[in-house]
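Take the given structure of chain A and dock chain B to it, following the hints.
Protein sequences appear in the order of chains A and B.
Here this note's numbering is used: the first residue of the first sequence is 785, the next is one more, and so on.
Here this note's numbering is used: the first residue of the second sequence is 785, the next is one more, and so on.
These are computed hints drawn from the structure, not numbers from a lab.
It should be emphasised that the depicted structure is a prediction, and the values quoted were computed from it without experimental measurement.
Heads up, none of these hints are tricks.
Just so you have them, the derived chain B footprint on chain A, three or more residues with Cβ under 8 Å:
#, region
1, 1154 to 1160
2, 1298 to 1311
3, 1316 to 1328
Covered, in the sense of this in silico footprint (three residues per stretch, anywhere, with C-beta under 8 Å from a C-beta of chain A), are these stretches of chain B:
#, region
4, 1030 to 1041
5, 1061 to 1073
6, 1154 to 1162
7, 1318 to 1326
Positions of the beta carbon are idealized from the N, C-alpha and C atoms, including for glycine.
Protein chains: 2
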Amino acid sequence: MRTRLVVTRAGLLQHGDGVATTAAGVPAPANRLGAVGVRRHKHWGWGFEDQQLPSGDAHALASTLATRLGIKTWDLEAPVALEAVHLAPPRLAPPAALAEISTSDEHARASHALGKSYTDVVRGFRGRFEHPPDFVARPRGESEIERLLEWCASERVAAIPFGGGTSVVGGVTPIVGAGYNGAISIDLGALDRVLEVDPVSRSARIQAGASGPTLERQLGEQGLTLRHFPQSFEFSTLGGWIATRAAGHFATVWTHMEDFLESVRALTPAGVWASRRLPGSGAGVSPDRMLAGSEGTLGVITEAWVRVQPRPQHRHSAAVRFASFLLGAECVREIAQAGLHPSNCRLLDAGEARLTSAGDGSHAVLVLGFESTDHPVDASIERALEICAGHGGEVTPRGGQAAAGADAVTSWREAFLGAPYLRDTLVAMGVLSETFETAITWERFPAFHERVNAAATQALSEVCGEGGHVFCRFTHVYPDGPAPYFTVLAPARRGEEVEQWQAVKRAVSDAIEAEGGTITHHHAVGRDHRPWYDLQRPEPFAAALRGAKGAVDPAGVMNPGVLFDPAS
Amino acid sequence: MRTRLVVTRAGLLQHGDGVATTAAGVPAPANRLGAVGVRRHKHWGWGFEDQQLPSGDAHALASTLATRLGIKTWDLEAPVALEAVHLAPPRLAPPAALAEISTSDEHARASHALGKSYTDVVRGFRGRFEHPPDFVARPRGESEIERLLEWCASERVAAIPFGGGTSVVGGVTPIVGAGYNGAISIDLGALDRVLEVDPVSRSARIQAGASGPTLERQLGEQGLTLRHFPQSFEFSTLGGWIATRAAGHFATVWTHMEDFLESVRALTPAGVWASRRLPGSGAGVSPDRMLAGSEGTLGVITEAWVRVQPRPQHRHSAAVRFASFLLGAECVREIAQAGLHPSNCRLLDAGEARLTSAGDGSHAVLVLGFESTDHPVDASIERALEICAGHGGEVTPRGGQAAAGADAVTSWREAFLGAPYLRDTLVAMGVLSETFETAITWERFPAFHERVNAAATQALSEVCGEGGHVFCRFTHVYPDGPAPYFTVLAPARRGEEVEQWQAVKRAVSDAIEAEGGTITHHHAVGRDHRPWYDLQRPEPFAAALRGAKGAVDPAGVMNPGVLFDPAS
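Just chain A, with the same shape it has in the complex:
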């Protein structure tokens, strides 16, 4: 399975939306070993050290892709080896009581210094770890987290909760401002167990540090699955998903992680914030909905009860061609408003379809899927395809239910899974490769798409010259609008990639803001989206949220710089 992950047949997509499942219904598990130290993460990119570049296959694939897109590439550059990296010395040492769970070794500090955005990977690749944590703590349980938070508050040290480290918005980067004596990463990796399963209510109590494959493996032993499959699935964690309102597998209805929450438990500097386990409630403002999206600024999420289910027994998928993205969008609108609730409803524009070998570049492709644990879904997909036909959609030939083989659905799925690996290679070849995502209501979508696309294209052209590409797909759809997801590929100038992307990002984020979209549908705000997030959120709400934070984190040590300005 790993080979398929690393070397996809197709192309590239970026972090973010879900669906990447095998025919059996669960994403291909990575060959990740649970034990600490047995297998180390790359200090700069996606995956493990023994998946390090150069990989002939990945290189060939990336070259083919770049050639096909007409993007000029460079010779493969090698990443700066960890041994050659210079990290600023730690400003502080862990207290004796916490020394056993803390480390300031180079690999730990480097691999916790950045997330996994394009600029993060570029920085890591070049050995530019400018804001490493002073040390990394790996608590084994809640009491150690409590002691860490107490120490941070008393010493005025920033505490950065760290799950899989897959943030693409600077959410785990220890840039905390001058008002702190240092910053530490609190790595939740040791809290990775499924603690309880309730098969009657179909829910499970799971520790926050459990990654996608880790929790799915444990749930699978009981015949259950969470079915939350963001693109970062292999490494990202339950706690991270809740803290960032991650969106996953389901394209409709239950799109975000918080839609699966029964209760959440977090440790704040002011004590334990644990909600009651309830299927639904209307008792005041929802405590769970205040932790969801708090991005580590209120406390450390330690566990949650989440809704799980058996693997779906009935599945059906299809790919449908449309003459244009906008024609496809009109069709998706009707499907989203029909109450059919497809699990997959991802519309790819022609370029994105070509990129992922789901199409030949002449048409948009809708990847449509239905699934059920209980009953056949044939009637649902038939009705959806009828709607497609009414909009001029043509079903592309493929086998029947859950058929394997070289078809658009499979191509798209494989590309989706392999994308983060492929991007490391693209960085080494000098290709700028990043994504951004948003949501907008249907009636504004055509103009929104045109303007954001134009802003991205123009910025790319100004910044990168000829050969840039902007692609778009829908990752999730609602009755009242889609969540468009843009992929950007362009030739980069070596050594200037960060500034190049930042210029493009400013342009596209300004366009999204001006056109009324959200600065993020499921990537979170982190540090990178702050300027636009600040414009988007209502000021009294910002004040309320600051008030809430002040009450539970009076010293302001929880992930400063995220959502709010750090305390000064």
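Structure of chain B alone, referenced to chain A:
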């Protein structure tokens, strides 16, 4: 239609859950006149003054009901006429600038002094308006609301947002503590328009003061409906629904009002809190989810964009008998976990079924309904009925799709609509009649039901003697648990009803709390649920919420006593 509302064929159900629709899919509209002063609300109970008791039909119906249940009743008592009511004189007068929209006449003050819980109705019936607002303001727009809030903050006067006044938890009762110079009700009734309809995105911008019939009539002109039908539908308002996280029509998936929100606009003492109109977002903590359930403590909700839809074209319903409530519950669990998404899935225990003429008292009844704007729902209901059969359920005879006539589904619907009217009569006859509701996960449900039921039964017996009844139904169901709704009927002692119910309420609320349920699934917290809500919510969350409130309402004038202790 009104006759049908006032005089049901059956019995009684209480405030709270939804579904009360005609065959056409929209609840029977009340004969409510929009113009102020043309038709006045009863000052003490449900409906309008010209629906005042005694009504022969209602009396006959209530008598039959009481006889059937073996509840001893008294002669019909007459409510204390408004002219005979003594209200404490207002402690303050509106400022000149707001005099035009303010009134301190007796009817206005009395009809804004209480909500619509059983004890509220009893108090009103007896003329016990102990905490009337000093005056009632009826702003015509946001600028007048702003001025009211400014004045309240500067004069330290409690500001109580008032929608339909249908709170059953003391949410609009001006009991605000000694720290205030007075209290006013801000009646949103003049903000009752549908301001914009976006047929492409299927959403509408609606003012917060629009009642159910008022907004449905305006949406109906454009062929659309919100389909939020709580039992209070006739009078309750959009703003109230959002502020209290009201639950309505849909028994699954989109159960609460906040599930239909695209954006919310509220005026806080710190300024305008208006979120961006988005189909979905993951940008930090959701601002809309912080207003939802805020119960007037953060500001006055003035309008919202909500998801609307055409009327369903395809509907199918059925009633299924089960030998016991618990056998029915097992079946409902399977339906809820099957992903069939029924719009109605209300399980009535044998007593409740008899009460509403949906059964003869020998069996539990499941009222099941499916609807779609787009496609036939036959397959869905067939599968649901197959599941029912597997659990020993027997489909009760009835006509085909949308058939009218005397069957269990129709009986239940009519009883649901008529209940609040009927209760006024029961109060006049000396019958204690109240409800409480909660939610719990499936695996705890059987023991939970047994213990809560036992606590209610024992308390009723101690407080009211022989002849008390406790019934239960599910109003909403989730994959991980139901929302059980209890109805209590018992002989009351005249003049002691309030204390009697309070004793019963303490017992059942203690049991719910001890067994891990929520103190409310959709009735909100208000003032009445505070002791148990305070036990339920995590303390750091309470601190966070207080911090949030402090930031937007520094003077603490917004609905003090609700959710939090009033500022002292």
